[in-house]
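Asker: Residues per chain, in single letters:
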Amino acid sequence: MRHRGIGFYLGRLGLYAFLTLFAFIMIFPFLYMMSTSLKTSNDVFRTPPRLLPYSPIERELDGQIRPVFLFNLDGVNTEMYATGQTEQFGFFTSPENIIVDTPRASRVEVEFPLAEAVETGESITLTRADGREATFPIYEVIAPNGETVRLPLAFRGGLMRFRAFDNPEITLFASQRTAEAAEFVDPQWGNYQAVLNLNLDRALVNTTLVTVGVVVGQLITSIFGGYAFSRVEFKGRDTLFLVYLGSIMIPFVVLIIPMYRLMVLLGWQNTLVSLIVPWIFTAYGTFLMRQFFMSIPKEIEEAALMDGASRFRILWGIFVPLSTPAIATLAIFSFLYAWNSFLWPLLIIGEGNTNNHVLTLALIRLSNAFAESPNIVLTGAAIAILPPMILFVLAQRYFIEGVASSGVKG
Amino acid sequence: MNVSSASPRADLTALPVWLRPVTLAVNAVIALACLAQSRAILALPDFGNLGDPVQAFAAMVVLLPVVAAAYFSAGLLLRRPQSSLLVPSLADTRYGLMFFYFLAAALSFVYVIWRSGAFNGFEFLVTGFMQNAWLALVFMAAYVIFWIGSRADSALVRRTGVIVGLVGIGILLLSANFLQGVVDLLSTYRDPGVLIGTISGVVASFLCYAYLTRGVEFGETPQQRQAWQGWLMLSPNILGFMIFFAGPLLLSLYLSFTDDSVGREPQVIWLQNYAHILSFEFKTQPITEPAQRALSFGFRVLASFDVGETRLVWGARDPDFWISLRNTIVFCLMLLPLSIVPALLLSIILNTALPGMKVYRAVFFLPSVAAVVGTAIIWRWLYSPNIGYYNYAITSLITWLNTTFGTSINDPQIAWLTDPNVVLISIVLLAAWQIMGNNTVLFLAGLQGIPRELYEAAMIDGANAWRSFWNVTLPLLRPTMFFVVITVMVTGLQVFNEPYALFPSRPIPIQAQTSVFYLYQQGFFRFQFGYASAIAWFLFLFIFTLTFIQFRLQREDR
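Top to bottom, those sequences are chains V and S.
Numbering that gives the first Met the number 0 numbers the first residue of the first sequence as 0 and each following residue consecutively.
Numbering that gives the first Met the number 0 numbers the first residue of the second sequence as 0 and each following residue consecutively.
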């Protein structure tokens, strides 16, 4: 056996690190979607953002429910509440610590109630970036270690008095904005119910029905078409196949306007049938099935034909069972296509008739109506995205093989 | 239709006596009905607002059955052994009549379903399902039973699954007011259109069947038998292709030559739409003048360049189209490397037989299965300037760099969705993220087709990993690379969902407008159907040309 040096293992580690980095990039938006969909509407706007959904812990005191804040007092985490009393505080620091342009960003040395601070009458003057001068008065204040010091006032602001739940004697002043609220992980599963009630349940059923219709229709037409193109011989078949195949080359954009006019002519605007019937005929699916049927040996079929079996019997009894992988691949492709389609529903259903919305349309509507509630919008996104993902996890092989085979042939 | 010459063994004496007179009578009725229909179409004041040419075309199409009926009636009356231009042979007559009646029956039934409004039953199904959501569990149970049945190879269990599923469908139909629907459907027979359609459908299918089963009497050859079976199997595809592809394609071409808009009859204006797209003006003027002043009426500035003291002004009648086209091309040019280079790299790693590669492959592929609208909306929030993770990550990274290495990099605070210079990049990043997994899987399939021996041979020749990548992998991956580039390009040139869903405000920034988005706006906001069709054809020709050039380059390389 060859000896493997440390370089080899480092290389392997590097490879996995690289793959994991990319895997994280690929998966992160979905993690974000799931985590946001489980958050409360206050939690989503917290900076810096967090992945887990939290809710504030609350405690009852004197018949009132109060949010709990945590303070570290001499190494002990103490649960406290905001009393509602605020007091003006001064924030003092040495002249060299003052950031002249944004004094609030300065590192503070002493926080002291302004009412108790003694003005000395002196002040220091510093020059700002724009050339103007800023004056900072100097006060006499008591530092945390008990010494009396003379320091300039960097800025002032109100602080909230907090009191411990368990011991009313313990109080302290702190900024309510930066005080650490006690929280617990609390996924809001109710978001899903709430969003489904915003007519997304109807959209979900619409999408399911449309998808089932398209998949079943495509399978039927493609299996028949693929069989005829691969096994039934007649004049003109190959020309017809070439023409049919050529239609794959035509991008859908060319058909947008006339298909829309056709739907208007048929009176199919705003209907679910317009999302199903035009899409059950697919040159791609027919091509896929034809290629697969071509690989089935001729002898099987000839023996059956000799026995007097009809073509339809042969197709149903022999070809269909033999082509489960191809059929699964086609079913998955048409499922994804139908489930995720957006442009066509947008044109035909529009943003108006919400009863016939499919999920993609409903999602756009939701994101416009709840532009300030990412938790609601991303719950909708999760409802739209999770079904194909679950299918992918269950039938991964067919997805990957389907994509791979399309490339090998191309 | 291609039908081989008649077989002389036809034996008409075995035919039932009624068949020929009935056929002739039905043909006469069809011919007369179609003539009347054709006249009726011509007399319509407007034909779906599609203009006179379409009206005339429809009237002509309706005349085709008249010709067919006359032709086959002649064949039936004259009983020629060989086909000629005007009269078909008996065998060909039967063959043609089969198709004729099949088509008539199919179209009649489709017409009946359409006319009676049964196509709108889908909405009722949804309502029925909404009222009985627990049916989902029934269908799931049915599937599970069926699955167990196929695993255990027990026909009984499988059949139970099917029955459970059918019962579920039955309940669904009942709760969707199926019975009431049937009653409503029957009541539509007060509409003479539905009644006539049904009668003609029944008669046509009866005659079709009558001719279908009498192959022996007409001396059918095995080739003919196979041929009609083939056509029959293809018939749904062919009908669908004609109605939902070929027809609209022709209509699209026609509309692109008209000034079609909403609420009025389109007039043919030939190439004016295309001319409007392609109208340019190049002018020079002193640098002190505003660019717009150099252009004629109707032109707007597309670009201007200052050369010394003169300003070159490039004007177009529709500069927005050209801006959108440029955006689309830039989008593609960025998307190609961004989605291909990482995919190639990842696929090479995945191709090593290390443990866990299948899991990584699945994870990389995950974004490909999600709806673009969904991922775009996720990214909209990730791009958010105040609560988005992307800016948070950048800020954290820069802060870390600045504190660790003492550098003083400025935090860019990118406004992903509003900064005109960035919006297109935001779309590209989203699109590249979404299709990269797809490309990875394609490359992986290509790599797995390269024989291992080649790498071994290269190693014996002393090639290192880099050289064998350059000299073995890349050349042999050419076909895959070609396929990937074409797919990415063709989908990239038609990008629409990403810009639509990524930008919350309307109108979306002009720098993010792609060609298809522009087409959508022209067609469905300004209702310039004719002009939008011309844009569509222009885009199609553009995409087609690019693909064609790629094909030629690929050929030459071989």
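Just to be clear, a hint being listed does not mean it is correct.
Here are some of the chain V residues that sit facing chain S, going by a computed Cβ distance under 8 Å [as the list claims (entries may be wrong)]:
| hint | residue |
| --- | --- |
| 1 | 29 |
| 2 | 155 |
| 3 | 159 |
| 4 | 260 |
| 5 | 297 |
| 6 | 306 |
| 7 | 312 |
| 8 | 313 |
| 9 | 315 |
| 10 | 346 |
| 11 | 380 |
| 12 | 391 |
| 13 | 399 |
Cross-link-like lysine to aspartate or glutamate pairs, in silico, EDC-like; alpha carbons within 20 Å at most [unchecked claim]:
| hint | chain 1 | residue 1 | chain 2 | residue 2 |
| --- | --- | --- | --- | --- |
| 14 | V | 234 | S | 219 |
| 15 | S | 282 | S | 305 |
| 16 | S | 357 | V | 232 |
| 17 | V | 297 | V | 400 |
| 18 | S | 282 | S | 264 |
| 19 | S | 282 | S | 317 |
It should be emphasised that the hints constitute simulated quantities derived from the structure, not laboratory data.
Backbone N, C-alpha and C fix where the C-beta goes; we use that ideal spot for every residue, glycine too.
Asker: Which of the stated hints cannot be reconciled with the structure, identified by number in ascending sequence?
Answerer: 2, 3, 5, 6, 7, 8, 9, 16, 17 and 18
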